[in-house]
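Chains as they are written, first to last, in the numbering used here: chain X, 1 to 489; chain V, 1 to 55.
The hints are simulated quantities; they were obtained by calculation from the structure and are not laboratory data. Don't take each hint at face value.
As the list claims (entries may be wrong) - One-sided excerpt, in silico: chain X residues whose CB lies under 10 Å from chain V:
#, residue
1, 218
2, 252
3, 388
4, 397
5, 400
6, 402
7, 403
8, 405
9, 408
10, 458
11, 459
12, 465
13, 466
14, 486
As the list claims (entries may be wrong) - Using 27 Å as the maximum straight-line C-alpha spacing, the simulated DSSO-like pairs for lysine-lysine come out as follows:
#, chain 1, residue 1, chain 2, residue 2
15, V, 15, X, 444
16, X, 200, V, 15
17, X, 481, X, 38
18, X, 55, X, 444
19, V, 15, X, 361
20, X, 103, X, 88
21, V, 17, X, 171
22, X, 398, X, 91
23, X, 200, V, 17
24, V, 15, X, 260
25, X, 122, X, 481
To be verified - Beyond 12 Å from chain V on every Cβ pair, some chain X residues (computed):
#, residue
26, 67
27, 100
28, 151
29, 156
30, 229
31, 248
32, 278
33, 319
34, 381
35, 383
36, 427
37, 451
The beta carbon of each residue, even a glycine, is placed where N, CA and C say it ideally should be.
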Amino acid sequence: MARLVVLGGGVAGHTAATFAADWLGKDHEVVVVTPNAKWNWIPSNIWVGVGEMSKEEVTFDLAPVYEKAGITYKQAKAVSLNPEGSAKRNKPFVTIEYTGQGKVGHSDEIEYDYLINATGPKLNFGATPGLGEGSNLGAHTVSVCTADHAEHASHELTKIMDKMRKGQRQKILIGTGHGMCTCQGAAFEYIFNVEHEIRKAGLRDMADIQWISNEAFMGDFGMGGLHMNVGGYVVSSRIFTESLFAERGVNYITGAHVNKVEKGKVSYELLDGSMGEESFDFSMLIPPFAGVGLKAYNKAGDDITDTVFAPNGFMKVDADYTPKAYEEWKATDWPRTYQNPTYKNLFAAGIAFAPPHIISKPAKSPNGTVINPTPPRTGMPSGIIGKAVAHSICNLIKNGPEAHLHEASMAEMGAACVASAGKGWLDGTAAAMTVYPVVPDYDKYPGTGRDTDYTFGEIGLAGHWIKHILHYLFMYKAKLKPFWKVIPE
Amino acid sequence: MAVKPEEFNFAKNDKFKTAMIPGKFARAMRTCKIWQFIRFIIINLKMLVVVSKSH
């Protein structure tokens, strides 16, 4: 009997664990280690953040689902890896620390034959003074990164809307809280959902809404922007995005590294080196992401974290990490199997793998401050990578070390993305987009780097219907209800 | 003469002045149930193609 340990129960980890358990059956064991008791469909958190959904609607208990799937569930966080074992253990193992199940604070060592690191990111609020401490949100801003954060954001939003009703003009600031953030899409969705709710309440004239982002230009989204086929034109996402902001009267600041957050005020540096300040009554700033800080040790107990993980804490996989100039970046730099090059029974999926480089054009201010978005690895790519990695490990377990590994390069896969711009079955809107491939390949698609036959976008009520239906579809799939496997990632 | 709603924001700042802002017809079509039902079918088909190419 082989044991597969999956670290993390988010989109990538949950997908990998549930498919592996299904394919391996009762002959082998799948263990999931996640510090959370509940699964969260994170894309719907933005609706919790404006009070349009409850926390309970976007989460469910993991324990009964894993019990049904025959998965061993450990509510714990991974602390360190010993991919060679230790002086006391011959097999590789992971050290965990329980966060629930009546064993909070207790440590345990779990041996594994194969391990998938799908821990997701550490929400690195502490990277910006005043934004928070470590992975904890600070007191001055709100967040929609977790369901609890989103619920708190909704309460704070209600407070400022009450002030608007009393005739007090309010300033809203939404965007990224550091120069190296990713996930601009979540902030984009949140600002337009907030604007939609305020407009719906008849309070739009009482709110000044401001966007602040580390993107060098509007519509970069950490992917270097994209060119979409819209109405017979090939249009830059910049045109598309600036149009929406102008239409909704939302002012914007781009190329900004937020370097300090205080009560009611942020300080920032721009790409041209100038400094600025922006006041706010309500602010949601996305934190930068980092690896969760797993350590690694060899058999002798020496620290080999640098061998297994990149400096940002994400796990090294089969990518080309050779430092290169932007002009030399290739689609082939991106990983295909997500196997660790040193320890072949270690894989990473979702945000936890270390990308070879960013996708957007690197940018620095004259003061040397790096201000560019890091690459998105969430949503559909996360699920597809999780499934591919699970497939590879099942093949290795069943057919031996020479078995075929499945591939899922982000430079060869597309992504469907639906960004909400306001909720409502009859008056909601969302930008429905597809991008193919996620990482541009200028050798294959000279010009835009992507296939414009399969890269398109439009905004409308249909997009909202799709986003809302996807919410129910993915919650259903994650609960492993009948026919869950036929729903694509 | 009253300013058309879609033209109101152009004057707010220089960034908006150079943006493309949808007019009355384009905005109406965004929430027109019949048109959006057709778009719903088309967008889903397009997304299914991209999803199938990515698996």
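So, going through the hints one by one against the coordinates:
{"no.": "1", "hint": "218", "in the structure": "holds, 9 Å"}
{"no.": "2", "hint": "252", "in the structure": "holds, 7 Å"}
{"no.": "3", "hint": "388", "in the structure": "holds, 9 Å"}
{"no.": "4", "hint": "397", "in the structure": "violated, 22 Å"}
{"no.": "5", "hint": "400", "in the structure": "violated, 25 Å"}
{"no.": "6", "hint": "402", "in the structure": "violated, 24 Å"}
{"no.": "7", "hint": "403", "in the structure": "violated, 20 Å"}
{"no.": "8", "hint": "405", "in the structure": "violated, 16 Å"}
{"no.": "9", "hint": "408", "in the structure": "holds, 8 Å"}
{"no.": "10", "hint": "458", "in the structure": "holds, 7 Å"}
{"no.": "11", "hint": "459", "in the structure": "holds, 6 Å"}
{"no.": "12", "hint": "465", "in the structure": "holds, 6 Å"}
{"no.": "13", "hint": "466", "in the structure": "holds, 6 Å"}
{"no.": "14", "hint": "486", "in the structure": "violated, 12 Å"}
{"no.": "15", "hint": "15(V) x 444(X)", "in the structure": "violated, 34 Å"}
{"no.": "16", "hint": "200(X) x 15(V)", "in the structure": "holds, 25 Å"}
{"no.": "17", "hint": "481(X) x 38(X)", "in the structure": "holds, 17 Å"}
{"no.": "18", "hint": "55(X) x 444(X)", "in the structure": "violated, 44 Å"}
{"no.": "19", "hint": "15(V) x 361(X)", "in the structure": "holds, 22 Å"}
{"no.": "20", "hint": "103(X) x 88(X)", "in the structure": "holds, 24 Å"}
{"no.": "21", "hint": "17(V) x 171(X)", "in the structure": "holds, 22 Å"}
{"no.": "22", "hint": "398(X) x 91(X)", "in the structure": "holds, 19 Å"}
{"no.": "23", "hint": "200(X) x 17(V)", "in the structure": "holds, 26 Å"}
{"no.": "24", "hint": "15(V) x 260(X)", "in the structure": "holds, 26 Å"}
{"no.": "25", "hint": "122(X) x 481(X)", "in the structure": "violated, 30 Å"}
{"no.": "26", "hint": "67", "in the structure": "holds, 29 Å"}
{"no.": "27", "hint": "100", "in the structure": "holds, 34 Å"}
{"no.": "28", "hint": "151", "in the structure": "holds, 29 Å"}
{"no.": "29", "hint": "156", "in the structure": "holds, 26 Å"}
{"no.": "30", "hint": "229", "in the structure": "violated, 10 Å"}
{"no.": "31", "hint": "248", "in the structure": "violated, 8 Å"}
{"no.": "32", "hint": "278", "in the structure": "holds, 15 Å"}
{"no.": "33", "hint": "319", "in the structure": "holds, 19 Å"}
{"no.": "34", "hint": "381", "in the structure": "violated, 8 Å"}
{"no.": "35", "hint": "383", "in the structure": "violated, 10 Å"}
{"no.": "36", "hint": "427", "in the structure": "violated, 6 Å"}
{"no.": "37", "hint": "451", "in the structure": "violated, 9 Å"}
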